[in-house]
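Asker: Chain order of the listed sequences is A and B.
Oh and the first sequence: position 36 is 36 in the working numbering, straight run, nothing missing.
Oh and the second sequence: position 164 is 164 in the working numbering, straight run, nothing missing.
Mixed in with the good hints, there may be bad ones.
[What the hints assert, rightly or not] Derived, one-sided and incomplete: chain A residues facing chain B with beta-carbon distance under 8 Å: (1) L54; (2) R56; (3) P84; (4) E86; (5) T100; (6) F101; (7) S102.
If you're looking for bench data, these hints aren't it; they were derived computationally from the structure.
Because the structure is a prediction, the values reported are computed rather than measured.
The beta-carbon is built from N, C-alpha and C at its ideal position, and this holds for glycine as well.
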Amino acid sequence: MDEPVISAVALTKRYGRTLALSDLHLEVQPGEIFGFLGPNGAGKTTTIRLLLDLIRPTDGSARILGLDARADAVALKHRIGYVPGELRLYERMTGGDLLTFSMRLRGRDDTDRVAQLAERFRCSLDVPIGSLSHGNRQKVGILLALAHDPELLILDEPTQGLDPLMQHEFATVLRELRAQGRTVFLSSHDLSEVGAVCDRVGMIRLGRMIAVERIEDLKRRAARELEIRFEAAPPIDAFRNVAGIRDLRIDGTLLHCIVTGSPDAILRAATRFTVASITSHEPNLEDVFLARYDDHEVPHVA
Amino acid sequence: MLRNLFAKTLRDDRRSLLWWGGITALLAFLITLLYPTYRDQAATFEEFWKDAPAIMRSFFGEQFDFGSPEGFLSAEIYSTMAPLIFAIFAIAAGSRAIAGEEQDGTLEILLAQPIPRRRIVLHKFAAMATTSLLLAITLAVALLAGSAVVGMEIDAARLFGATLLTALLGLTFGSIALLIGSAMRGKGRAIGIATGLAVGTFLLNGLAPLVSWLEPLRVLSPWYWFTRSTPLQNGLAAADVAILSGIVLVAAALATVAFERRDIAT
Numbered sequence: 001m002d003e004p005v006i007s008a009v010a011l012t013k014r015y016g017r018t019l020a021l022s023d024l025h026l027e028v029q030p031g032e033i034f035g036f037l038g039p040n041g042a043g044k045t046t047t048i049r050l051l052l053d054l055i056r057p058t059d060g061s062a063r064i065l066g067l068d069a070r071a072d073a074v075a076l077k078h079r080i081g082y083v084p085g086e087l088r089l090y091e092r093m094t095g096g097d098l099l100t101f102s103m104r105l106r107g108r109d110d111t112d113r114v115a116q117l118a119e120r121f122r123c124s125l126d127v128p129i130g131s132l133s134h135g136n137r138q139k140v141g142i143l144l145a146l147a148h149d150p151e152l153l154i155l156d157e158p159t160q161g162l163d164p165l166m167q168h169e170f171a172t173v174l175r176e177l178r179a180q181g182r183t184v185f186l187s188s189h190d191l192s193e194v195g196a197v198c199d200r201v202g203m204i205r206l207g208r209m210i211a212v213e214r215i216e217d218l219k220r221r222a223a224r225e226l227e228i229r230f231e232a233a234p235p236i237d238a239f240r241n242v243a244g245i246r247d248l249r250i251d252g253t254l255l256h257c258i259v260t261g262s263p264d265a266i267l268r269a270a271t272r273f274t275v276a277s278i279t280s281h282e283p284n285l286e287d288v289f290l291a292r293y294d295d296h297e298v299p300h301v302a
Numbered sequence: 001m002l003r004n005l006f007a008k009t010l011r012d013d014r015r016s017l018l019w020w021g022g023i024t025a026l027l028a029f030l031i032t033l034l035y036p037t038y039r040d041q042a043a044t045f046e047e048f049w050k051d052a053p054a055i056m057r058s059f060f061g062e063q064f065d066f067g068s069p070e071g072f073l074s075a076e077i078y079s080t081m082a083p084l085i086f087a088i089f090a091i092a093a094g095s096r097a098i099a100g101e102e103q104d105g106t107l108e109i110l111l112a113q114p115i116p117r118r119r120i121v122l123h124k125f126a127a128m129a130t131t132s133l134l135l136a137i138t139l140a141v142a143l144l145a146g147s148a149v150v151g152m153e154i155d156a157a158r159l160f161g162a163t164l165l166t167a168l169l170g171l172t173f174g175s176i177a178l179l180i181g182s183a184m185r186g187k188g189r190a191i192g193i194a195t196g197l198a199v200g201t202f203l204l205n206g207l208a209p210l211v212s213w214l215e216p217l218r219v220l221s222p223w224y225w226f227t228r229s230t231p232l233q234n235g236l237a238a239a240d241v242a243i244l245s246g247i248v249l250v251a252a253a254l255a256t257v258a259f260e261r262r263d264i265a266t
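Next comes chain A alone, as it looks inside the complex:
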């Protein structure tokens, strides 16, 4: 296997007596979209800012694209695109000027690429950033991260303030970048957002990485609510031995159950009767994720 794009070893950050990040191990492989998931304050932003050399680890170290995150920080910034969690841009500059400034600092000319991206995101680049809405500022931040066609994108909740259409467009862009072999490290507090694009997700809580899972595996284990309405009330016994379901109950003509994994068995059983309608609720991956780890003692952080 290729060398990981990000490899963090025992990364720890302490602020006085507060432990913001504890002994974090992390490997992100080339060409994958890695979701970094956790509630606010769990240590996502701390991890990302350590990777970018904005803050320095109390202990541990990280290598990115084969270089040392700390010693080779400047060289790495040529190859990384970053959207900060709390994006603040120069409000008196226009988006276009800011992007030009970045190109000059990087010694590149990405004018065409910027123009394409601006059109895709419908991003206005000729007015002062201070006069833009929150969502439009976010777009400028995204362009700033994507403009130099980086090998690695580090994104801290990048879709904040974007309307659903643009969030969708952004997900499409990420998939295209993956297809081109780029790597994405995407933090979010919302698994459903991450689940749509990521290959793997890591869950961080209270400064510790508590699990890393493939999204496919999560989905396979996911439980979804299923409601089937019949023309006539079916006998509950006909469903008692169906594999992969629980919480079975029938109220008149409405059958309700929770399905884990494939709904094939329950659907086969149901079609022996006349089905009027089926309602399925998307599985809440977060519940699946947590269901597995809630039993484990969540480590205490001083």
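Given chain A, work out where chain B should sit, using these hints.
Answerer: Structure of chain B alone, referenced to chain A:
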């Protein structure tokens, strides 16, 4: 204007520099117009100043020859107004450079660019020095223009020298603000400490001649090196320039080191 961080910083500061330059030039010009009045009543002013409390004379100058252009400009421009303007101007720039950007949150985006931290400090420092110099040239030109209008004869080279030394005095406090802001977070803290030092060392320089135990500490005050050789009358003294420049350069160098080492606040 976006070629590098130095150029961008100048571009960001262009409007503010225009205001500072305009108002400074206007004030300076108007003050020179008062020269004929002062000259004609020089004896009265000198009498008045001789009777002023010793402490005031110690702070602002032992004696002023109001009748001469040099004496007039020393009293009205270089004793308080110009140092104040340059110190405030430079402290504002120095505190804004790193701590201000950090507080605004824009440092995060700047540091996402491939630019070494020490270069950020150096470019910001160079921009502060450049705008201070431009302000100095503006002030000197306005004073020369005013002098021409009222027929005040003054040596242009000495005028530029005195103005340059004033800008250098301002830059010592500006560099200290830059150093504080590079070493720790908080624009307010950088402004506060640098201003405190400016006022404190001003008091030290003024009180030292009157308080025996302060006398040996007087050399620690940038104001001492600023006032010592009265460049308007005598021309710039190399030692004064060297010592003030030394403070400025050491503070800037320490700022690069301090900024290299520290965490950036969100």
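Asker: Against the structure, test the hints numbered earlier, and report the numbers of the ones violated in rising order.
Answerer: Checked against the structure, no hint fails, so every one of them is satisfied.
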